[in-house]
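Using our numbering, the letters of the sequence shown correspond one by one to residues 1 to 706.
Everything labelled a hint here was simulated from the structure, so no lab data went into it.
C-beta: ideal position from N, C-alpha, C; glycine also.
Among the hints, a few may not be true.
What the hints assert, rightly or not - If you anchor each label on the Cβ, the simulated ranges turn out as follows:
#, residue 1, residue 2, range
1, A398, D608, 42 to 48 Å
2, D136, G234, 39 to 45 Å
3, P142, E337, 56 to 62 Å
4, V233, G199, 21 to 27 Å
5, A367, G199, 15 to 21 Å
6, G589, A511, 49 to 55 Å
7, G174, G119, 41 to 47 Å
8, G494, S372, 29 to 35 Å
9, G234, E337, 31 to 37 Å
10, E683, Q560, 55 to 61 Å
11, A447, E683, 45 to 51 Å
12, E641, E587, 23 to 29 Å
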Amino acid sequence: MVFMGDRATLLKTGRFVQRRVHRPDIATNAAFGGVAAEKNETTDTPEKSDTPEIIKATETAETAGCAATVESTEFTENTGSAGADGSTGTVGATQNSGSAETEESAENEARHRRAADAGDTASMSVLGALLLRRGDLDGAEPYLRGATAEGDRAAANNLGVLLHQRGYVDDAAGWWRIAAVAGSAAAAHALGRHYRERGDEPGAEYWLRQSAEQGHALGAYALADLLEHRSDVGAERWLRAAAEQGHREAAYRLARMLDRNAADEPHDAFGRPGLGPGAGERPGAPGRSAVRRDDGPVAGPATGRVGEAEQWYRQAAARGHRRAALHLGAILEQRGEPKEAGRWYLVSAKAGEARAACALGFLLRDAGDEESAAVWWLRAAQDGDGNAANALGALHAARGEQQTAERWYRAAMDAGDVNGAYNLGLLCAAQDRTPQAEQWYRRAAYAGHREAANALAVLLLQAGDATGAEPWFSKAAEAGSVDAAFNLGILYAGRDEDRAALVWYERAAAAGHTEAALQVGMALLHQGEEQEAERHLRCAAGGGSAEAAFRLAGVLDSRQPPPGPPALGEPMPAKTECEEWYERAAEQGHRRAQVRVGMLAAARGDVDSAARWYREAAEAGSRNGAFNLGLLLAREGSEREAALWWSRAANDGHGRAALRLALLAARRGELAEGQRWCARAVELGPAEVSERAARLREALHQELTA
Numbered sequence: 001m002v003f004m005g006d007r008a009t010l011l012k013t014g015r016f017v018q019r020r021v022h023r024p025d026i027a028t029n030a031a032f033g034g035v036a037a038e039k040n041e042t043t044d045t046p047e048k049s050d051t052p053e054i055i056k057a058t059e060t061a062e063t064a065g066c067a068a069t070v071e072s073t074e075f076t077e078n079t080g081s082a083g084a085d086g087s088t089g090t091v092g093a094t095q096n097s098g099s100a101e102t103e104e105s106a107e108n109e110a111r112h113r114r115a116a117d118a119g120d121t122a123s124m125s126v127l128g129a130l131l132l133r134r135g136d137l138d139g140a141e142p143y144l145r146g147a148t149a150e151g152d153r154a155a156a157n158n159l160g161v162l163l164h165q166r167g168y169v170d171d172a173a174g175w176w177r178i179a180a181v182a183g184s185a186a187a188a189h190a191l192g193r194h195y196r197e198r199g200d201e202p203g204a205e206y207w208l209r210q211s212a213e214q215g216h217a218l219g220a221y222a223l224a225d226l227l228e229h230r231s232d233v234g235a236e237r238w239l240r241a242a243a244e245q246g247h248r249e250a251a252y253r254l255a256r257m258l259d260r261n262a263a264d265e266p267h268d269a270f271g272r273p274g275l276g277p278g279a280g281e282r283p284g285a286p287g288r289s290a291v292r293r294d295d296g297p298v299a300g301p302a303t304g305r306v307g308e309a310e311q312w313y314r315q316a317a318a319r320g321h322r323r324a325a326l327h328l329g330a331i332l333e334q335r336g337e338p339k340e341a342g343r344w345y346l347v348s349a350k351a352g353e354a355r356a357a358c359a360l361g362f363l364l365r366d367a368g369d370e371e372s373a374a375v376w377w378l379r380a381a382q383d384g385d386g387n388a389a390n391a392l393g394a395l396h397a398a399r400g401e402q403q404t405a406e407r408w409y410r411a412a413m414d415a416g417d418v419n420g421a422y423n424l425g426l427l428c429a430a431q432d433r434t435p436q437a438e439q440w441y442r443r444a445a446y447a448g449h450r451e452a453a454n455a456l457a458v459l460l461l462q463a464g465d466a467t468g469a470e471p472w473f474s475k476a477a478e479a480g481s482v483d484a485a486f487n488l489g490i491l492y493a494g495r496d497e498d499r500a501a502l503v504w505y506e507r508a509a510a511a512g513h514t515e516a517a518l519q520v521g522m523a524l525l526h527q528g529e530e531q532e533a534e535r536h537l538r539c540a541a542g543g544g545s546a547e548a549a550f551r552l553a554g555v556l557d558s559r560q561p562p563p564g565p566p567a568l569g570e571p572m573p574a575k576t577e578c579e580e581w582y583e584r585a586a587e588q589g590h591r592r593a594q595v596r597v598g599m600l601a602a603a604r605g606d607v608d609s610a611a612r613w614y615r616e617a618a619e620a621g622s623r624n625g626a627f628n629l630g631l632l633l634a635r636e637g638s639e640r641e642a643a644l645w646w647s648r649a650a651n652d653g654h655g656r657a658a659l660r661l662a663l664l665a666a667r668r669g670e671l672a673e674g675q676r677w678c679a680r681a682v683e684l685g686p687a688e689v690s691e692r693a694a695r696l697r698e699a700l701h702q703e704l705t706a
């Protein structure tokens, strides 16, 4: 392996001596501009240009550069510094920006040419670099060769660049090696890139490390890329070194590395599984798709390494890195700073990042500007963003424009977004086009879309194909679909396989499924595990389940004696937690809870509240509510209205209400009516009521036949 040189021997020959003659006019005219280090931001990989760097030469020494880009740097002895974008942004001491400067530059060039023709090494090197930058290879070569022969290492590096551009790669590497052994960080970088392209990773690492250790930003970046490719932990050190010198791609990749490390920590990752059941959901939250799953920023507190990642994203974004701006926007949006997030999304979108345009559209939609959102979604969708196409489809579907919605969903599918097929299934299902819905669900399910698998299973189950539905429920549930896990529990429960049903209910409940938590709580209550049941019921009730709130109240109610009426002159007692849960369920329309709240209010002596809750329950169809309301009205002297509510309850099968109506008819002397209600009470029961109604019916019969 030939990649190391005897630096001491070379220096002893007197060649490549570093002279220190500072002439600002030469420095100014030796400078030339460069292009950005990252030619293409479409991937996370570093730039792969085949164009080596041209180093300006002065009477002191050459500066640093990149084997992949044409660039210039400040006039120094051996800086190795790079500009913000990873190539450099400084052009010598000044930029030639006006006619006066142009004239001065021409004059200085002429002076260098005269000096070079007279044999001045520094002028030959400067002039050769200038001509090389202009693309005048034939004019540059003799000057560069002349300066190289006199030991100018900048010229040796630039001669390598010239030969590389002409296709003489091996000859170029030879000159880079000479310059690198003499101490050129830029040449070491170029040589390292050359070895890596040839597949000689040990050689590449040696020279890139030589460049990086001399403070060359691009050498540090290239070394980090090599080490990261090998999963070497040392990559972070060199990315950081390059980023700290202003290399924007290094700053971006360092932020990505910190993000990935933070994603392995306990807090959640911003994973972006794509659109869920509601097509066109926003990016940044579960079910949203602003960035690819493997390229998403990390959610969680902006502290530690996550906060550091944000700082590097911000540095890269401020220097024009469009994907850094995208990730920074996503982090800010998750942190609840939509205005600042929108600003960075806009920067990224204007730079051509389709995912940022899509994310900006969601922010605008949330702000109520649906029309502007559609403009950005259209722009992103036309650039191939499937999530934006889905969002446009959802927008048109909400407007009733089904054909346009279908067109955009198909566009999303063509862009490789499986959510497009799923959303087409949803669209067809909403139009009762069941065969087409099944077709699209099946296509998305086979592509691994878990919610599509669940929806397909539901369709099959509704069609009576429980056998066909079960494997799809299982596939979706195993993939993490909470709804599928709950549905699988229902499927097993319908087969009386309670143990298997409970397993899936528990899995869904652990993921936050409210109804699953209720089912687990009820099963544990049935098993006598009251404490554990209470925990699940609290979760379900907190999630909005009225039934869970009612049953939780029942558990708490069973632990305390019923409240009695307050003593005369005593204040009304405060509501217990039990009553608060009953009230929460009652406010959600739970009829049994409404009746129970009415009973508790009546026990406290709060007749008005009791009547209100009884009436709400009765009007919602509760026969117990109607019966209790009748009792309350009868006590207040409104027997006629009470009879109306008892009649409703009795007609709905309430035996006690029928008995009350029989007694009321007997008091009024309506014996035949009383007998009829007695017969109804005997029929409805319960046993105690049936016995009393039978005795009353016999008494009424004797009265009628006397």
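Ascending list of hint numbers which this structure does not respect
5, 6, 7, 8, 10, 11
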